[in-house]
Structure formats: structure tokens, C-alpha cells
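Model the full structure from these sequences, guided by the hints.
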Amino acid sequence: MFKEKFSGGIISAKQFDREDIEYIIKKAKEMIELKNSNILQGKILATLFFEPSTRTRLSFESAMYRLGGSVIGFQSGDVSSIKKGESIADTIRTVENYSDCIVIRHSLEGAAILAAKFAKIPIINAGSGSGEHPTQALLDLLTINEEVGPLDGLNIGLMGDLKYGRTVHSLSILLSNFNVNVYFISPLELKMRNRDKDFLQQRQVKYKELTDYRKILNILDVLYMTRVQKERFVDSEEYERIKGFYIFQQEDLIQTKNNFRLLHPLPRITEISPDVDNSEKAIYFKQTYYGIPMRKALLAELMTD
Amino acid sequence: MFKEKFSGGIISAKQFDREDIEYIIKKAKEMIELKNSNILQGKILATLFFEPSTRTRLSFESAMYRLGGSVIGFQSGDVSSIKKGESIADTIRTVENYSDCIVIRHSLEGAAILAAKFAKIPIINAGSGSGEHPTQALLDLLTINEEVGPLDGLNIGLMGDLKYGRTVHSLSILLSNFNVNVYFISPLELKMRNRDKDFLQQRQVKYKELTDYRKILNILDVLYMTRVQKERFVDSEEYERIKGFYIFQQEDLIQTKNNFRLLHPLPRITEISPDVDNSEKAIYFKQTYYGIPMRKALLAELMTD
Amino acid sequence: MFKEKFSGGIISAKQFDREDIEYIIKKAKEMIELKNSNILQGKILATLFFEPSTRTRLSFESAMYRLGGSVIGFQSGDVSSIKKGESIADTIRTVENYSDCIVIRHSLEGAAILAAKFAKIPIINAGSGSGEHPTQALLDLLTINEEVGPLDGLNIGLMGDLKYGRTVHSLSILLSNFNVNVYFISPLELKMRNRDKDFLQQRQVKYKELTDYRKILNILDVLYMTRVQKERFVDSEEYERIKGFYIFQQEDLIQTKNNFRLLHPLPRITEISPDVDNSEKAIYFKQTYYGIPMRKALLAELMTD
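Residue numbers (numbering that gives the first Met the number 0), protein chains in the order written: chain D, 0 to 304; chain G, 0 to 304; chain L, 0 to 304.
Hints may be right or wrong, so weigh each one.
Copies of the same chain look alike in the list, so a pair counts if it fits in one copy or across any two.
[Claimed, not checked] Pairs of lysine to aspartate or glutamate residues, derived as DMTMM-like cross-links and limited to a Cα-Cα distance of at most 25 angstroms, are as follows:
id: 1; residue 1: Lys116; residue 2: Glu270
id: 2; residue 1: Lys285; residue 2: Glu29
id: 3; residue 1: Lys280; residue 2: Glu85
id: 4; residue 1: Lys26; residue 2: Asp99
id: 5; residue 1: Lys83; residue 2: Asp151
No lab work stands behind these hints: they were computed from the structure. It should be emphasised that the depicted structure is a prediction, and the values quoted were computed from it without experimental measurement.
The structure is reproduced here in C-alpha cells:
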């Protein structure tokens with residue numbers, strides 16, 4: 000069922016209902032146990048990164064290799080024929096002849112949708128502008144599930160750049176499938192966009208918007224922080240003014256519950272002080288670890304019969 | 000025989016006689032049928048791309064992986080020691096110690112010849128300036144063979160930038176081994192160079208030069224279009240003036256024969272209108288597909304005993 | 000023993016005593032004989048190159064593939080999250096979740112030490128600013144051992160940029176474990192730094208400093224030349240003035256002993272004239288060959304139980 004539903008790929012968190020999420024988390028947990036698999040031997044993953052990436056690209060590639068597959072691709076649009084003026088549609092209709100699945104990251108919000116429209120093989124959206132980043136959100140849910148517990152009933156704060164941050168867009172959409180209390184914490188200039196809030200309202204998600212995270216730190220089970228997305232600002236002065244708005248520090252941890260956990264999709268700039276890193280409540284590096292089993296699970300679903 | 004003749008690699012289309020071409024096309028057809036091969040397991044292909052590429056690099060890499068081999072290399076001269084001032088000869092004499100075959104693309108026309116002069120392992124020319132691109136021409140012939148039919152007797156138009164376009168140089172050389180009628184269609188400024196025409200005359204190829212493709216559209220079996228090579232123009236104003244000289248459109252198809260097929264090595268900029276893409280006469284994306292079996296065949300010949 | 004001692008990785012030549020060097024050279028010799036190994040199948044090497052490289056990166060990757068493993072990584076800091084402002088420590092704590100060993104090259108001298116401090120998997124220093132490049136020095140010793148003979152008693156000249164050249168720093172440290180006579184040959188501006196000489200004095204290494212290599216050419220067994228490191232000069236005029244200080248030419252060979260051998264870590268710019276390349280005394284390309292067995296040996300030690 001998952002295989003059929005997602006045969007075109009993973010483009011948006013909106014494709015997922017609760018059953019899909021629970022299924023892929025179960026599969027990802029199986030991948031944690033799995034050693035030395037060759038189930039994707041002979042398969043080729045294409046990773047087309049028009050924007051820089053460390054985590055997403057390397058974790059997809061690692062996941063592919065851990066399952067016995069191979070990888071082709073590029074790390075920057077500068078070295079591809081895009082530089083000669085080629086369209087995304089043409090690139091996709093070419094690369095689909097060389098591979099079994101395409102992972103694409105692009106600065107344009109519609110890039111992954113466009114790619115999926117033209118492709119005969121599955122497309123995975125690895126970040127489309129300030130739009131979405133659905134596989135990141137799936138690994139975030141796996142992390143919460145494994146490190147905090149079942150989602151229903153949790154108080155979850157999403158904090159930072161809620162306007163341009165694609166990971167929080169996809170995460171809030173996935174969370175709308177669960178009975179959670181969501182807190183959107185941001186400077187006024189970086190509030191969650193109306194189109195995203197409208198979607199949550201339709202799904203009757205309980206959410207609150209606020210600016211000062213300290214007010215609710217004692218009730219949160221999860222705080223998901225994000226970086227202010229420098230590359231999305233047109234005005235670099237506004238970026239400079241806002242980037243240091245939040246700095247989560249060791250003393251903030253004192254007010255938090257015992258089972259409180261701090262997540263971040265990384266990279267982190269200054270928004271979490273390094274003295275927080277050694278707390279067992281800080282699980283953002285563990286979070287990167289969960290990217291491997293989740294991506295192994297997704298790749299296996301999309302490329303096996 | 001092929002193996003011995005090409006033990007130094009594939010540098011120029013001029014190395015190929017009719018027998019060689021028919022042999023490698025036969026081998027490429029066998030590769031279309033072949034699934035899950037490991038005949039190049041343990042072998043390493045080095046892909047040294049000093050100029051940007053999507054199709055050529057990724058299809059060589061895909062072909063290598065499909066045969067069980069591995070790939071090392073770089074996608075841009077900027078990340079290699081060339082940036083520190085190293086010569087091509089030194090790079091080659093180094094990389095030959097790390098790999099079993101080297102694929103090289105470079106902006107200088109003599110780069111592949113120079114590389115082959117110094118290398119003890121086979122070199123494949125994946126595009127040398129505006130000189131040649133022989134493996135592209137081989138996959139073009141495979142495409143025509145499979146999608147149109149035997150070459151002898153065909154009316155074939157090569158159109159666009161015949162001066163700087165390396166793919167048409169190699170293709171016209173390969174075609175000189177067959178009994179074809181060739182039409183060179185270009186703006187006056189981008190005519191086939193004398194040195195290339197002299198070669199065809201020596202081989203008694205029947206060709207005509209013209210500017211307006213519409214005059215012969217009704218007799219062509221194959222029209223092979225090319226992009227105006229922006230990166231070869233010294234004068235950007237001249238490029239801007241000429242780049243839109245030809246735009247093949249849906250209405251052009253009406254005049255063509257039933258078995259007419261439109262090819263393009265891609266990337267395509269504006270020279271073929273997107274409304275042509277869905278015609279069964281437009282086979283430029285299928286053409287990228289034939290790159291895999293042709294390159295699998297070539298790699299297998301060059302790296303197995 | 001080696002495995003335990005180096006379980007954190009290869010950061011500095013100072014980690015090695017004579018026994019360690021002899022052990023890893025023995026292992027590298029075994030790798031020369033070894034064909035088609037799969038001892039690192041299922042393992043992943045991460046190659047994080049923040050500075051350009053041809054030899055080091057490609058030879059690590061080739062060595063990894065020759066042992067059946069896989070490789071992820073990047074060839075330039077520009078395509079990673081470092082560009083978004085991420086710290087090395089965060090990058091390492093991420094990538095260690097995707098791989099079994101990390102190879103790092105960085106322009107900062109302390110980068111590899113910092114990486115090792117944060118990593119739970121082995122780190123290999125593949126060049127840290129003008130500091131060290133220990134695996135290059137190990138392959139240099141393997142080359143001398145195989146092509147000249149046992150190290151004790153040899154007269155070895157290190158010539159060129161002894162101030163900024165990281166390979167000569169690591170090599171002189173390794174040589175301090177043997178009973179060799181070392182000659183440091185450089186322009187006055189590029190002399191070996193005091194901190195490096197102090198280390199050799201502590202270890203009672205016999206060394207002399209001079210400027211004119213011709214004075215001792217007749218007694219040398221090995222001359223190890225290096226490139227003037229353009230990228231380390233703050234003042235480009237000073238670089239232009241000094242870069243042509245030494246040019247080793249064919250006529251220099253006349254004065255050398257029969258068993259004299261000329262090494263160079265490459266890339267070579269103008270400091271060795273190309274007419275020297277064909278002499279059997281010039282073994283710098285053979286030297287690149289020895290990079291594969293040495294790196295195979297190191298990777299096998301660090302990634303097998």
C-alpha cells in the first residue's frame with residue numbers, strides 16, 4: 000500500500016496520513032536492527048543538489064550504500080548542464096534514464112513538484128526553497144518516537160525561522176496527524192505563514208503562537224529549534240538584526256521537564272549555545288543518526304518491488 | 000580485435016572504421032538485454048571533468064555501476080590540483096595509478112590526445128573543447144540504428160552550431176563510414192569548418208550546406224539539432240544575436256515524413272520548442288537512454304581481457 | 000597493538016614510533032600483493048575536503064574501493080553546510096553517524112585535532128594547513144623503502160618550502176625514528192620552523208641546513224622536493240619572487256649517485272624540469288602509486304576488528 004501510494008515519490012508531507020507515518024516509522028525501526036543488507040544491490044540513486052547540503056545528501060548516500068546500492072549525482076548546480084541553461088524538466092528526463100530514484104534539492108519551492116510531474120521514476124524532495132523538506136520531518140518524528148515516546152499528548156514547540164524554514168513546514172504538517180499541542184515560537188517577522196496555519200486549522204490542530212519561549216519552557220516535551228535561513232533573506236541587514244533573536248543556553252535547561260528534549264535539524268549557527276551540547280536533553284546529533292534508518296526505509300520502499 | 004585496436008582508448012571518431020562501429024553497436028545492443036552484471040567488479044573508472052557536464056559524466060558513472068564497478072573523480076577543475084598549477088600530463092600520470100580507465104572532459108581541444116600520450120591505461124575523450132566527443136556520436140548512431148533503421152541510404156541533417164559543436168564533428172566523421180546523404184544546416188557564421196569538410200570530401204561523403212532547414216524538411220529521415228555553444232564565443236554579443244537563429248516548432252513536424260526522427264545531444268536551450276517534446280518523432284530523451292548501453296559496451300571492451 | 004594505539008585515527012606523524020612505522024610498511028607491502036579484496040565491504044569512508052586535492056582524495060577513495068568499501072563526502076567546503084556557518088565540530092558529530100572513518104583536509108592547522116576531539120570514529124588527517132600530512136609521509140617512507148632500501152644510514156635532503164610545506168613537516172618527524180642524515184635545503188625565507196627543528200633536536204636527529212643543493216648532490220641518496228605553497232603566502236609578490244628559487248634539471252642528475260632517487264609529493268609546478276621525468280632516478284609518479292597500498296593498509300587497520 001505504501002509502495003503504491005508513494006510510487007511517484009516523496010514530494011510533500013501532505014501526502015502522509017497517520018497510517019503512512021506509523022508504517023514508515025515501523026520500517027525505519029527495522030532498519031536500525033538490519034546489518035549488512037544488499038537489498039538495493041544493482042540499484043542507482045541520483046542525488047541532484049542544486050543547493051549546498053551536508054546532512055541530507057550524505058545521509059541519503061550513506062543509506063543507499065548501507066543497502067548495497069550505488070550513487071551518482073552532483074553537489075552543486077554549477078557543475079551541471081543547468082549552467083548551460085538546461086531546464087529542470089530536461090535534467091530530470093535525462094537522469095531518469097541513468098538511475099532508479101532521484102533525490103532533488105533546489106532553491107525554488109516548486110522544483111520537486113515539477114520534477115515529479117516529468118519523471119517516470121520516484122522523486123524525493125530533499126528541500127525545495129523555503130517550502131518543504133518531508134524526509135527531514137519523517138526522521139524528526141522517528142527521533143521523537145524513539146527518544147521521547149508516542150506523539151499523542153505531547154507539547155511540542157517549533158521555534159526560530161517559521162517563515163522560511165522548510166523543515167518546520169513539513170514537520171507541522173506531519174504533526175497534524177496526531178493529537179499534539181503545538182507552539183509556534185518566533186520573532187514577529189518570522190511567524191508561520193498563513194497558508195501553513197490555514198492547513199493546520201483545517202485539520203483542527205491545537206496551536207498557539209508566541210514570541211518568548213521561556214514562558215512555556217516548563218510544559219514542553221519537545222522543543223524543535225531552527226536556524227534563521229540567511230539564504231532566504233532579500234535584505235541582509237534584516238538578517239543581521241534577527242539572526243541572534245534566540246540563543247538557547249544551559250540555564251534554559253533548568254526550567255525544563257525531565258523528559259524534555261531539544262531537537263534541531265542542523266546546521267546550527269548561534270541559536271543553541273555549545274554548552275548545551277553535553278546535556279542528555281540535547282539530542283540534535285542523535286537526530287542526525289536517525290536520518291540513516293529513516294532514509295534506508297524510504298529508499299527500500301521506493302526501489303524494491 | 001576491437002580491444003587491441005582501442006587499447007589506448009577512445010580519443011577521436013577517426014579511429015573508427017565501419018566494422019568497428021558495427022561491432023560496438025552490436026555489443027551495445029547486447030548490453031540493453033543484460034541485467035545485473037558484475038563484469039567490472041573490482042575495476043575503477045576515473046572521471047576527470049574540467050568542464051561542467053550532466054549527461055556524459057552521469058551516464059558513464061551509471062554505466063560503470065551497472066556493470067559492478069566503482070568510480071572516482073572530480074566534477075570541476077576547481078577542486079583538483081590543476082588549481083595549484085599542475086599540468087594535465089602530471090594529473091594523468093598520477094590518476095592512472097588509482098584507476099583502470101580515465102574519462103576526461105576539458106575545454107582544450109588537444110587535452111584528450113595529450114592525456115592518451117602520457118597514460119598507460121585507456122583514455123576516453125568525453126568532450127575536448129570544440130573538437131570532438133566520440134562516445135556521444137557512437138550513442139547517436141546506436142539511437143538512429145534502433146529508432147530509425149540501418150544507416151545506409153538515410154538523409155541526415157546536422158543543424159545548429161556546426162562550427163563549435165563537438166558532437167556534430169564526431170558524428171559527421173562516423174557517418175563518413177556509411178552511404179548517407181548529409182545536410183549541414185547552419186547560420187553562415189557557424190558553418191562546418193573547412194578542416195572537417197575536407198575530411199568528408201576525402202572520404203567521398205555526399206553533403207550539402209544550407210541555411211534554411213525548411214527547404215529539406217520533407218526529405219529528411221533524421222534531423223540532429225545542436226545548441227549554440229555559448230561557452231565557445233569570445234564575443235557575447237555575437238552569441239546573443241545568433242542563439243535564437245533556429246527554433247524548431249510543432250508546426251515544423253507537419254512537413255516531415257512518417258519515419259522522421261528529431262535528435263539532440265542536449266542540453267537544449269531554446270532551439271527546440273517544448274511543444275515538440277511529446278511527439279513520437281522527438282527522441283532526444285530516448286537518445287540519453289541509449290548512452291547507458293553504449294557506454295557499458297565501451298567500458299566493458301576497454302576494461303576486460 | 001597498532002589498531003588500539005591508533006583507534007582514534009591518524010592525526011600527526013608524532014604518534015608513530017619506529018615499531019609502528021615498520022608495522023604499517025609491512026602491512027602496505029602485503030597490500031601490494033593483495034588482489035580483489037572485500038575486507039571493507041559494507042564500510043563507508045567519509046572524505047571531507049575543505050581544500051582542493053587530486054592525489055590525496057582520489058587515492059583514499061581508490062584504496063577504499065579496492066577493499067570493497069564505499070565512499071561519501073565533498074570536494075569543496077562550498078557545497079557543504081560550512082557555507083551556512085556550521086562549525087567543524089558539528090560537521091564531524093553529524094558525519095560520524097553516516098560513516099565508519101573520516102578523512103579530513105582543511106586550511107586550518109588545528110582542524111584534524113579538533114575533529115578527533117569530537118569524533119567517536121577514527122579521523123585521518125589528510126592535510127591540515129601548513130601543519131602536517133602524516134599519511135603522505137608514510138607513503139613517502141614506503142616509497143624510499145621499496146625503491147632505495149632500508150632507511151638507516153641514508154642521506155636524505157628535504158628541499159623547497161620547508162616553512163609552509165606540511166608534507167616535509169610530517170616526513171621529518173617520521174625520519175626522526177631512524178638513523179638518517181637529514182639536509183634541510185631552502186631559501187632563507189622558507190626555512191624549517193624552529194618548533195619543527197626543536198622536535199628533531201630533542202630526538203637527536205642529525206640535520207644540517209643549507210641553501211644550495213648542488214653542494215651536497217653527490218652524497219644524497221634521496222632528494223625530496225616540494226612545491227612553494229602559493230596558498231599559504233599572505234603576500235603574493237613574495238610568492239612570485241621565491242617560487243622559481245629552485246629548478247631541478249637534467250644536468251643536476253649527472254652529479255648524483257647511481258642509487259640516488261628524486262621524490263616529490265606533487266603537484267609539481269616549475270621546480271622540477273619535465274626533462275627529468277624520464278630518468279629512472281625520478282620516482283615521483285611511482286610515489287603516487289605507493290599511496291594506494293599505504294592507504295589500503297591504514298584503512299584496513301582502522302576499520303577492521
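Evaluated hints:
Within a single copy, Lys116 and Glu270 get their C-alpha atoms only as close as 37 angstroms, which misses the 25 angstroms cut-off; across copies the closest is 23 angstroms, which meets it. When the C-alpha separation of Lys285 and Glu29 is checked against a cutoff of 25 angstroms, the pair qualifies only within one copy, where the shortest distance is 17 angstroms, while the shortest distance between copies is 39 angstroms. In this assembly of identical chains, the alpha carbons of Lys280 and Glu85 lie at most 25 angstroms apart only when taken from different copies (21 angstroms versus 47 angstroms within one copy). In this homomeric assembly, Lys26 and Asp99 come within 25 angstroms of each other (Cα to Cα) both inside a single copy, at 20 angstroms, and across copies, at 23 angstroms.
Neither within a single protomer nor between protomers do Lys83 and Asp151 lie at most 25 angstroms apart by alpha-carbon distance, with minima of 50 angstroms and 34 angstroms respectively.
Checked against the numbered hints given earlier, this structure breaks only hint 5.
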